[in-house]
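So you can see what is in the structure, the chains are spelled out below.
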Amino acid sequence: MSAMTTTFYVASLVALVATALAIAQKNVVHGLLYLIVSLLAVALALFALGAPFVAALEVIVYAGAIMVLFVFVIMLLNRGPQTVAEERSWLTPRMWVGPIVLTIVLAAELVYTVTRTGGPAAGAAIVDARQVGTALFDVRYAIGVELASMLLLAGLVGAYHLGRRGTRRM
Amino acid sequence: MDGVPMSNGLIVAGLLFSLGLIGVLVRRNVIFILLSIEVMLNAAGLAFVVAGSRWGQADGQIVFLFILAMAAAEVAVGLALVLRLNDGLGTLDADAASALRG
Amino acid sequence: MLDLLWLVPALPFAGFLVLVALGRPLGRTGAATVGVGSIAASTVVAFLCAAALVALPAGDRVFSQTLWTWVRVGGFAPGIGFHLDALSLVMMLVVTFVSLLIHVYSTAFMRCSEGFARFFAYMNLFVGSMLVLVLAGDLLLLYLGWEGVGLCSYLLIGFWYRDPVNADAGRKAFIVTRVGDTAMAIGLFLLATELGTLEVQALMERAAVHWLPGSTLPTLAAALLLGGAVGKSAQLPLQTWLPDAMAGPTPVSALIHAATMVTAGVYLIARTHVLFALAPAVLAAVAIVGAATLLLAGASALVQHDLKRVLAYSTISQIGYMFLALGVGAWSAAIFHFMTHAFFKALLFLGAGVVIQTLHEEHDIFRMGGLRRELPVTFWTFLIGSASLAAVPLVTAGFYSKDLILFDVWASPLGGPWLWLAGLVGAGLTSLYTFRMVFVTFFGDVQARPAERPGPLFTVPLLVLAVLAVGGGFVELSPTLGHQPHFTEFVRPVLPAAAHVPGRATDVAWLQIVAGIVSLASIGVAWAFFLRNPRAAGALARSPALARVHHFWEVGWGFDWLYDRVFVRPLVWFATVNVGDVIDRVYDGLAWSSRSAWRLLTVTQTGRVRWYAGGVTVGAIVITTLVLFL
Numbered sequence: 000m001s002a003m004t005t006t007f008y009v010a011s012l013v014a015l016v017a018t019a020l021a022i023a024q025k026n027v028v029h030g031l032l033y034l035i036v037s038l039l040a041v042a043l044a045l046f047a048l049g050a051p052f053v054a055a056l057e058v059i060v061y062a063g064a065i066m067v068l069f070v071f072v073i074m075l076l077n078r079g080p081q082t083v084a085e086e087r088s089w090l091t092p093r094m095w096v097g098p099i100v101l102t103i104v105l106a107a108e109l110v111y112t113v114t115r116t117g118g119p120a121a122g123a124a125i126v127d128a129r130q131v132g133t134a135l136f137d138v139r140y141a142i143g144v145e146l147a148s149m150l151l152l153a154g155l156v157g158a159y160h161l162g163r164r165g166t167r168r169m
Numbered sequence: 000m001d002g003v004p005m006s007n008g009l010i011v012a013g014l015l016f017s018l019g020l021i022g023v024l025v026r027r028n029v030i031f032i033l034l035s036i037e038v039m040l041n042a043a044g045l046a047f048v049v050a051g052s053r054w055g056q057a058d059g060q061i062v063f064l065f066i067l068a069m070a071a072a073e074v075a076v077g078l079a080l081v082l083r084l085n086d087g088l089g090t091l092d093a094d095a096a097s098a099l100r101g
Numbered sequence: 000m001l002d003l004l005w006l007v008p009a010l011p012f013a014g015f016l017v018l019v020a021l022g023r024p025l026g027r028t029g030a031a032t033v034g035v036g037s038i039a040a041s042t043v044v045a046f047l048c049a050a051a052l053v054a055l056p057a058g059d060r061v062f063s064q065t066l067w068t069w070v071r072v073g074g075f076a077p078g079i080g081f082h083l084d085a086l087s088l089v090m091m092l093v094v095t096f097v098s099l100l101i102h103v104y105s106t107a108f109m110r111c112s113e114g115f116a117r118f119f120a121y122m123n124l125f126v127g128s129m130l131v132l133v134l135a136g137d138l139l140l141l142y143l144g145w146e147g148v149g150l151c152s153y154l155l156i157g158f159w160y161r162d163p164v165n166a167d168a169g170r171k172a173f174i175v176t177r178v179g180d181t182a183m184a185i186g187l188f189l190l191a192t193e194l195g196t197l198e199v200q201a202l203m204e205r206a207a208v209h210w211l212p213g214s215t216l217p218t219l220a221a222a223l224l225l226g227g228a229v230g231k232s233a234q235l236p237l238q239t240w241l242p243d244a245m246a247g248p249t250p251v252s253a254l255i256h257a258a259t260m261v262t263a264g265v266y267l268i269a270r271t272h273v274l275f276a277l278a279p280a281v282l283a284a285v286a287i288v289g290a291a292t293l294l295l296a297g298a299s300a301l302v303q304h305d306l307k308r309v310l311a312y313s314t315i316s317q318i319g320y321m322f323l324a325l326g327v328g329a330w331s332a333a334i335f336h337f338m339t340h341a342f343f344k345a346l347l348f349l350g351a352g353v354v355i356q357t358l359h360e361e362h363d364i365f366r367m368g369g370l371r372r373e374l375p376v377t378f379w380t381f382l383i384g385s386a387s388l389a390a391v392p393l394v395t396a397g398f399y400s401k402d403l404i405l406f407d408v409w410a411s412p413l414g415g416p417w418l419w420l421a422g423l424v425g426a427g428l429t430s431l432y433t434f435r436m437v438f439v440t441f442f443g444d445v446q447a448r449p450a451e452r453p454g455p456l457f458t459v460p461l462l463v464l465a466v467l468a469v470g471g472g473f474v475e476l477s478p479t480l481g482h483q484p485h486f487t488e489f490v491r492p493v494l495p496a497a498a499h500v501p502g503r504a505t506d507v508a509w510l511q512i513v514a515g516i517v518s519l520a521s522i523g524v525a526w527a528f529f530l531r532n533p534r535a536a537g538a539l540a541r542s543p544a545l546a547r548v549h550h551f552w553e554v555g556w557g558f559d560w561l562y563d564r565v566f567v568r569p570l571v572w573f574a575t576v577n578v579g580d581v582i583d584r585v586y587d588g589l590a591w592s593s594r595s596a597w598r599l600l601t602v603t604q605t606g607r608v609r610w611y612a613g614g615v616t617v618g619a620i621v622i623t624t625l626v627l628f629l
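Residue numbers (numbering that gives the first Met the number 0), protein chains in the order written: chain A, 0 to 169; chain B, 0 to 101; chain C, 0 to 629.
Bound conformation, chain A alone (with noise of 0.2 Å):
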């Protein structure tokens, strides 16, 4: 086994470790800087892929803008100590079955899934930034990409239409 595929297996363990923490925090913040850790994690089982591309626009504008966001509007809600006495009560030991249950079956149905194909080995070769640019400026990805530009500008009016306080109620 080379580098780079254990380099792959340790971040993916990293990630889902991280990951589970995230989810069963009582802290939003702290679940916040979890999950961040988890998105760094990914981001260089990205780059062990042989995706060195989207590894950093990984770091970028998932853990760096994406997170940031949710970072201000915690700050922006002010909700104070009284949250995490809050969710004490709310994530009772109880609730975890149901959700654990359905989740172990639809995971074992996709694992069966995936171990039936099998496949040669994935990230033999890199695939560099170069290459996805000039596969983007494809005529096969044009369309998706001014969509995509729309989808952004559509979710920036949204966000400041929808997030305007106090002076007109929707």
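In case anyone wonders, no lab produced these hints; they're calculated from the structure. These numbers were taken from a predicted model, which means no experiment stands behind them. Please note that the accuracy of each hint is not assured.
What the hints assert, rightly or not - Pairwise CB distance ranges (calculated):
id : chain 1 : residue 1 : chain 2 : residue 2 : range
1  : A       : Ala128    : C       : Val602    : 51 to 59 Å
2  : C       : Asp580    : A       : Ala107    : 51 to 59 Å
3  : C       : Arg598    : A       : Ala107    : 30 to 38 Å
4  : B       : Ala98     : A       : Val100    : 25 to 33 Å
5  : A       : Thr114    : C       : Trp597    : 39 to 47 Å
All C-beta atoms, glycine included, are put in the ideal place defined by N, C-alpha and C.
Got chain A sorted already, so can you dock chains B and C onto it with the hints?
Chains B and C alone, transformed into the frame defined by chain A:
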């Protein structure tokens, strides 16, 4: 240099997705729900990149890009809605916003 | 001239429409003018058409007029068409002329009643429907007229609807005749599906060609038509409605329940006699029904004390004679008796109406008496009518028609001594109860004085009918009395002559003598019991041996009691038991199950996001499983 078997990569993505799903189903705080949704999207993206890497093409990464753009837009609007929810109901309890019942 | 045939039913219908629309603004005089005028015009046209028909050569006296095609479905295309031949000519003339006299009488009789215009509207509608019935060239159109007269009967019996007794009587009449009408409708369906047409002439030809005498189909069809005739003509077992129908105004009783509507059954059988000839079993049933009815009703008439009820039972009995005649194949005799009966029975009813009205609605004959000096015109005309009903020999129309029936019953291969004996006993009963009625009402001491003498609008129709009650019989004189069979010859192309067993055909003379003796002897018995020694009859009625019989006959041989027990009570019981309506429960159950499903499904709509997310997960699991493992 040999790479990671595709099935293994997909299994990792699947497990990450399941964890995100658990988070959505278990947590009552809407912030945590949004968080878990991000986890699920991330896992999906990982799956795409694994698949693209298996074929040695850039398509997987391009789809990851699209997923990223979509996640960003969705988080922006979603968090604005969370602000609204907090203003209107005074709480971040997802179960409190159940007026559309019956 | 014959092209104007359609006016004969149309004019009364037009009168009806005018009276319905403009009844109130017209006032009493206007309404009476329209009501009587439309009938008068119809009568004039009827006579002109009759003259035109008679002017045709003897073998050719048929006229058909189709106005339009009513329905066209598959090969079945009944039309609105009128058919004038000897039979329908006789019916039409009798109906229009007697209706005219009764309408004139009604203008005076109903002068103080509310709903004057409504009365004439209903009467016009009735006459129109009756004319449609007798002139119809197609059995479906006949059925239209049939139903129309049934409706008018209901409306007119319950004319003074504010009294629930009248409304009940109207309902009873309608429901009982409905039973018969349903049987007739099924019979019409059978005929239409088996023979493809209901147009009378074509139907009769096809029946004769396709069906063997005595086979199931004609027997069934004839039996069903007989059911309808029995209902409309108030014969056994559907006779219970007619005595109660006397709750209506007397002109109604005269017109509908004596002269015209109740003879519709007789007309139906005569019109479809080819079909009945193909079903000997049914024909025998017709004769038996007629014989039984005439005896039953005669006995009941003997013990009634309501003047109109005596006449009602008398009508049932006389129509029994007509059915008896039809049953032995004496078609023309039945129609002849219909004609004379229309005259004298209408006369009797109109006279009774005068008596009742001038005595301030007194119906009980035992509270009347000595009216022959108080109401002379009424008395003499009533006497003439009674004599005709009792078939007093030689001078009355009733004698000739009843005599013809008795002879045909005796001499026909389908008849015989027993049926003849029934007819003879019935004749005796008829004289007895008729003159009982006359003696008790018009002779003896005056118990109630009439308020006034009737005016010309009352007396002229009475006089005209009295003339006809005497002279109407002279168109058919038997072989022993001059042999002038004009009536039978006239209707022969339509109604074949009755068959006679060779040995019995010569017994005309002594049959007449026997009948005459019976009739006169019964009058004598009536005189003895009700005039010379009135208390004797009362004592006899109250004697222990006969009191029960008296009561049994008075309630119409218990048919009302029987029908109440067998039909009415179970139905009422069922209705009360089923108040919650079983059938409704089925639909309620559907609604309930729908609502329950809703309640169940509402549980899944919690409004909570995580619940829905859980739902999505479950769905994903299900689909994945399906895809993977199935």
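Now for the hints, and whether the structure bears them out:
no., hint, in the structure
1, A/Ala128 - C/Val602: 51 to 59 Å, "holds (53 Å)"
2, C/Asp580 - A/Ala107: 51 to 59 Å, "holds (56 Å)"
3, C/Arg598 - A/Ala107: 30 to 38 Å, "holds (35 Å)"
4, B/Ala98 - A/Val100: 25 to 33 Å, "holds (29 Å)"
5, A/Thr114 - C/Trp597: 39 to 47 Å, "holds (44 Å)"
Going down the numbered hints, you'll see the structure goes against none, and every one checks out.
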